[in-house]
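Protein chains: 2
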Amino acid sequence: MPKKSEKTVKRAAAVKNISAEKPGLALSAPGESEPLRPETQAGRVVIENVRPEIDGGRFPIKRAAGEEVCVEADIFADGHDELVCELLWRKDNETAWKRIPMRPLGNDRWRAEFTAAELGEYRYTVQGRVDCFLTWLRDLKKRLEAAQDARLELPAGAELVAAAAARAAGVQKDARRLAALARDLGTDGEPGEKAARLADPELTGLVSRWGGDDELVRYEKELEVWVDPVHARFGAWYEVFPRSCSPEPGRHGTFNDLIAQLPYISGMGFDVLYLPPIHPVGKTHRKGANNSLKAGPKDPGSPWAIGDKTGGHKAVNPELGTLEDFRRLAKAAKSHGMDIALDVALQCSPDHSWLREHPEWFRRRPDGSLRYAENPPKKYEDIYPLDFCCLDRRPLWDEVKSIFKFWLDQGVRIFRVDNPHTKPFAFWEWLIRDLRRENPDLILLAEAFTRPRVMYRLAKAGFNQSYNYFPWRNSKRELESYFTELTRTEAGEFFRPNLWVNTPDILTEYLQFGARPAFMTRYALAATLGASCGVYGPAFELCERAPREAGREEYLDSEKYEIKHWNLDRPDSIRDFIARVNRIRRENPALQNDASLRFFPLDNEQLICYGKQAGDDFVLVVVNLDPHYKQSGWVELPLAELGLSQNKRYQMHDLLTDRRYLWQGPRNYVELDPRACPAHLFRLRRYARTEQDFDYFL
Amino acid sequence: MPKKSEKTVKRAAAVKNISAEKPGLALSAPGESEPLRPETQAGRVVIENVRPEIDGGRFPIKRAAGEEVCVEADIFADGHDELVCELLWRKDNETAWKRIPMRPLGNDRWRAEFTAAELGEYRYTVQGRVDCFLTWLRDLKKRLEAAQDARLELPAGAELVAAAAARAAGVQKDARRLAALARDLGTDGEPGEKAARLADPELTGLVSRWGGDDELVRYEKELEVWVDPVHARFGAWYEVFPRSCSPEPGRHGTFNDLIAQLPYISGMGFDVLYLPPIHPVGKTHRKGANNSLKAGPKDPGSPWAIGDKTGGHKAVNPELGTLEDFRRLAKAAKSHGMDIALDVALQCSPDHSWLREHPEWFRRRPDGSLRYAENPPKKYEDIYPLDFCCLDRRPLWDEVKSIFKFWLDQGVRIFRVDNPHTKPFAFWEWLIRDLRRENPDLILLAEAFTRPRVMYRLAKAGFNQSYNYFPWRNSKRELESYFTELTRTEAGEFFRPNLWVNTPDILTEYLQFGARPAFMTRYALAATLGASCGVYGPAFELCERAPREAGREEYLDSEKYEIKHWNLDRPDSIRDFIARVNRIRRENPALQNDASLRFFPLDNEQLICYGKQAGDDFVLVVVNLDPHYKQSGWVELPLAELGLSQNKRYQMHDLLTDRRYLWQGPRNYVELDPRACPAHLFRLRRYARTEQDFDYFL
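Taken in order, these protein sequences are the chains called A and B. Residue 245 in numbering that gives the first Met the number 0 sits at position 246 of the first sequence, and the numbers go up by one each step. Residue 393 in numbering that gives the first Met the number 0 sits at position 394 of the second sequence, and the numbers go up by one each step.
Treat the hints as calculated values from the structure; they're not laboratory data. Mixed in with the good hints, there may be bad ones.
Claimed, not checked - Taking lysine-lysine and the DSSO-like style, the derived pairs with C-alpha atoms no more than 27 Å apart in a straight line are:
1. B/K220 <-> B/K90
2. B/K404 <-> B/K377
3. A/K308 <-> A/K404
4. B/K404 <-> A/K141
5. B/K333 <-> B/K404
6. B/K140 <-> A/K377
7. A/K563 <-> A/K378
8. A/K400 <-> A/K90
9. A/K282 <-> A/K378
10. A/K293 <-> A/K308
11. B/K378 <-> A/K140
12. A/K141 <-> B/K308
13. B/K378 <-> B/K308
14. B/K90 <-> A/K378
15. B/K330 <-> B/K400
16. A/K97 <-> A/K297
17. A/K313 <-> A/K282
18. B/K97 <-> B/K172
19. A/K282 <-> A/K563
20. B/K141 <-> A/K378
21. B/K140 <-> A/K140
22. A/K282 <-> A/K308
23. A/K377 <-> B/K141
24. B/K172 <-> A/K220
25. A/K141 <-> B/K378
26. B/K297 <-> B/K400
27. B/K400 <-> B/K308
28. B/K308 <-> B/K293
29. A/K293 <-> A/K90
30. B/K282 <-> B/K293
31. A/K378 <-> A/K475
32. B/K330 <-> B/K313
33. A/K293 <-> B/K141
What the hints assert, rightly or not - Here are a few chain B residues that sit away from chain A, every Cβ distance over 12 Å (derived from the structure):
34. L151
35. G169
36. R175
37. T203
38. L215
39. D256
40. K293
Source: prediction; values computed, not measured. Where is the CB? At the ideal position from N, CA and C, for every residue including glycine.
Just chain A, same shape as in the assembly (with noise of 0.2 Å):
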């Protein structure tokens, strides 16, 4: 691609038969009473709809490392001329723009790609310029196709040829086979054999491209892409409470208890093993178990009441180890093919330091006394929430800054972050842009369980994974809507599902009532709807299901409050089926991203079916969301959009059996039994040899 070529009106504007004195700026702007400027095309040009865009611009777009990003734009001009548009982007450190052709698809609408290779943040914009050469070839073609004398019309093309010619003079190469043809455009001759040169698109693209780069017009804005490792997008995340871990029934589990727990989680093939809070926890107002006022001696209070004497959110409870135990828990879990997350929950316990030393970060009631943790009429005693709006906030904000810093020196890059929602979205933005400028890899994952608009606005604010309302949306129709919301509109450009089957606080009533086979559908669901997946075991893998009161969501003996010793052998455990389902996610590239999430028809409002696309792999599934009966039904593909031809068979290869089912034609015949196995995970084979080869299917 040529550079930016000088101004170059003088010879732009000769070839209209003027002379130009001035620079060739755009036609006047919008609202202005002065429309005074030399003459240009540039002016003519309108660029609107650009997508994506959100907000305006005001927030990046998100993709991980390797990933496309399609840019569109309407870009037209008034009249009937032929335009030239292109997609610019870069890095954001570079100066210079990478400059791409942007497709015509019709109505005014072009699109190109660019791929987002790197870590760290691109920029990207279109801009457009009506291009003289080819609307000239054009008409040239169209007279001579109605037999139309165009001799006169030569000498035109041959100024616009040779404007071209002065443009590239630096590019000596160009230069030269523009001024030949320029030439022989503007001698005598037969327009048709002239014409016929010019059906050389490679020579044609050469005027065009030394068009009149002084008449582009830029779209006015410059939109981001914030560009995340590829684990921002896809992982199956396992949170796990350390202190549980220990093989004595009664002892306070340790990192140590951890690292040896490693093979029983990693052998299930999970990618992130998060932790909550793993601080010191307070000691007054401590909850005993089940959230009751009360804890005994013994009871080791909510990991979320976070600090005591030993210290606050750059500590390590004691119990658990030391710094360095922790160190080598996270290089454990690397060797085992396992990240660590950690969780931020920026709160106190009433032992924390900062009641004492910054009683300024905290609200007080009229009489003095601090504020706990309040959602009326529940109380939160144990638990001190800061006040991020506080006169003198910016040391407060800082320190929450140098939180996350102390723990990404210690080597972790994924937060789970507890309640962003009850922090300003504007303390978000700047700490995640800022935490990113020497971060890029950095993993936060929002848990904000709130309204959409907020949820959304978070992700924006910078978060790269959210919560969402997978956990509650169990019907069909929940599921296709929601999930087409979340991959269909624009909030598939900034907002990232991560799909918990269940968290130490939510037991959904699909799981209470479904027994197993509902926590085998749910996982199913959530390895396969979302790139993104989670589960908090043991309590999920081994079907936990009692809730601490009826029509209530809570665990009974909620892990929150108290040590569990888990029985991991138990032979309902469904580990088998999370470690099958967990190995098709790695082998199969289409379920590694939500941006190709389909649904397609079948005729039981109890049997679901949508298909995940990566290049040529394409994974089916049809999962039973009745966790009581066998349901069947017939699938309904769109075969050409599949690749699929009406008379050829395609081999569906399940890969949870490792069953092949040979099918034809659009509708095909499904039946699950949710005591087998609830899930059908397809890998779609297309028919590609002969009989005389032994296997008929790619």
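On the provided structure of chain A, position chain B as indicated by the hints.
What follows is chain B alone, placed relative to chain A:
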């Protein structure tokens, strides 16, 4: 409403027990790395997704005088605090905003309305803030409901009310009342009793009203409304060639002849009388009958080939009469209830004086000759286009503006602009904004039969009405999808369609083949789908349908190139039908808007059904799209939405035939014979009285 109070940060800050030295600003701006500003809730509020807003506020929305502007926005903060949100609006030339409380619609969406009563420009925006008092009050109620001891909370409320009292200092009545309430909350007592006193919404509203204007977050944009005369939204247009109005065959008609014809035209109930260009017609390269290259001595030429030695765009063709005659015509039309619309075609015949006086305003060939209009392979030798991008274009743009001003000075307020899509958008934006300043009653109809984006952009640039694809939307599916796009999307905010059934350039195949019933069908559709509609007559009401060539949509012996003599009394004229439809349009406000258009199911693809509403007036239209055969089917109406009950009959009064039908329930039968009348225009009359009354329906 109170005026924005003085900065009351000090008092507000006191409420939170901290001192405030600095003014109350918002939290740090996004992307800034300096978050340090004094305590405020302001930075917590986010305003997103404000509607209507065209291209990020780049363009105004349009209203006709007296219409409502309904504004919605997502407004929310982090956490769970109560918000107070307001719509702000003002006339462009006023400085003070009017404030209207917004209502929450759920999911953080807020709504309020204002009326754009007068011609000209209005502005609007929205604002919101966290309301600490309302939050405190809500929480107090929750605490009391949960039987918690709320005694400690009363002083906090007292402080919030005291702060409001301080803010209200300028309005003694309010200040006294608030101070009393603060004292009451501040003294010992039973929280339940105090809360009971706060059940009065008028009292709590008072606290909230003085709750801290200094913490309001204003949306960053002011959005614009252009308010046009009602005729910009509603009117039936009639296009007529004055030169064909002579009662003597062969004689060139005059303005006086047209005056004589006004009773005929106004008798059909038209509101706007649109004349093709009335200027002198060029002689050089004048076109003959059927667009032939050679004109005979008596051929009048195309009126769009403007200008000869007697004058150009500000002159009147002497064969039509004088400028004085024109003014008389306009006056006579007014006395018949019609406004004149003039045609502005910004192009010149070869004889226009501009070609000699301003050759720089035209494009040239390399040999120096001026270029006539072409759309290769089509040639328009009798017309020279202007180059709006020429180097010294300010004099040209000014000259064009002076043409509009000239005719505005003659009292003309409506202009139909020929081919605006071949002139730069920036030109139109500049021109229209400038003309509107002194003439807010100006109405410009864009004749831009071009691509959708270009059409919409011209509307955004300021055209008040637009030709559109209606002539080619014939099937039920086409009509439903096109008019759903025009009325149910953002396009409805800036694009007002004017539905022409024909033009001198467009004789659609539907009319050619469908004969008289097709003409009735298309007028019924145009006049009810569109609040603005138009016909080119008398060709239309006389059902002229001979094409110049099979498969083309041009008239044979087009009036563009010859003088016609019409027999207005032909028995097959549909003038009576048009008159009836137009009378119904004038009598039913429902048919005078497009925004309320809604389609209803009807189980026959040849029958289309839709309704429009204005206040109590609901008109249901059923049209038979098949010009050849009788069609019947079952209409299905959403009873509840129309305020009808399943159990009560309602009356459908066909205003075209004056027949009344009793309907009951959602499904009712319709039948239309195109040879009799292809449409029902039902006025819905709801069952209102008892059997004892004379007429049961309203």
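Run the C-beta distances from B/L215 to all of chain A and say if the shortest one exceeds 12 Å. B/L215 clear of chain A: closest Cβ-Cβ about 15 Å, beyond 12 Å.
Restraint status (C-alpha distance of A/K97 to A/K297 at most 27 Å): violated (63 Å)
Interface exclusion of B/R175 relative to chain A, criterion Cβ beyond 12 Å: The claim stands: B/R175 keeps its Cβ more than 12 Å from every Cβ of chain A (closest is about 23 Å).
CA of A/K400 to CA of A/K90, is that 27 Å or under? holds (26 Å)
Pair hint B/K297 and B/K400, alpha-carbon separation not exceeding 27 Å: With a Cα-Cα distance of about 34 Å, the restraint between B/K297 and B/K400 is violated, given a limit of 27 Å.
Are the Cα positions of B/K140 and A/K140 separated by 27 Å at most? Violated - the C-alpha atoms of A/K140 and B/K140 are around 79 Å apart, more than 27 Å.
Taken at face value, is the distance from the CA of A/K140 to the CA of B/K378 at most 27 Å? OK: B/K378 and A/K140 at ~15 Å, within 27 Å.
Would the hint linking B/K90 and A/K378 be met if the CA-CA limit is 27 Å? violated (49 Å)
Holds or violated: A/K293 to A/K90, with C-alpha atoms at most 27 Å apart: Not OK: A/K293 and A/K90 at ~56 Å, beyond 27 Å, violated.
So if I understand the rule, the pair passes when the alpha-carbon distance is 27 Å or less; does B/K404 with B/K377 pass? Violated, at roughly 33 Å.
Checking one constraint from the list: CA of B/K378 to CA of B/K308, max 27 Å. Satisfied? Roughly 24 Å between the alpha carbons, so the hint for B/K378 and B/K308 holds.
B/K293: least C-beta distance to chain A exceeds 12 Å? Since the minimum Cβ distance to chain A is about 18 Å, B/K293 lies beyond 12 Å and the statement holds.
Of the numbered hints given earlier, the model fails hints 2, 4, 12, 14, 16, 21, 24, 26, 29, 31 and 34; all others are met.
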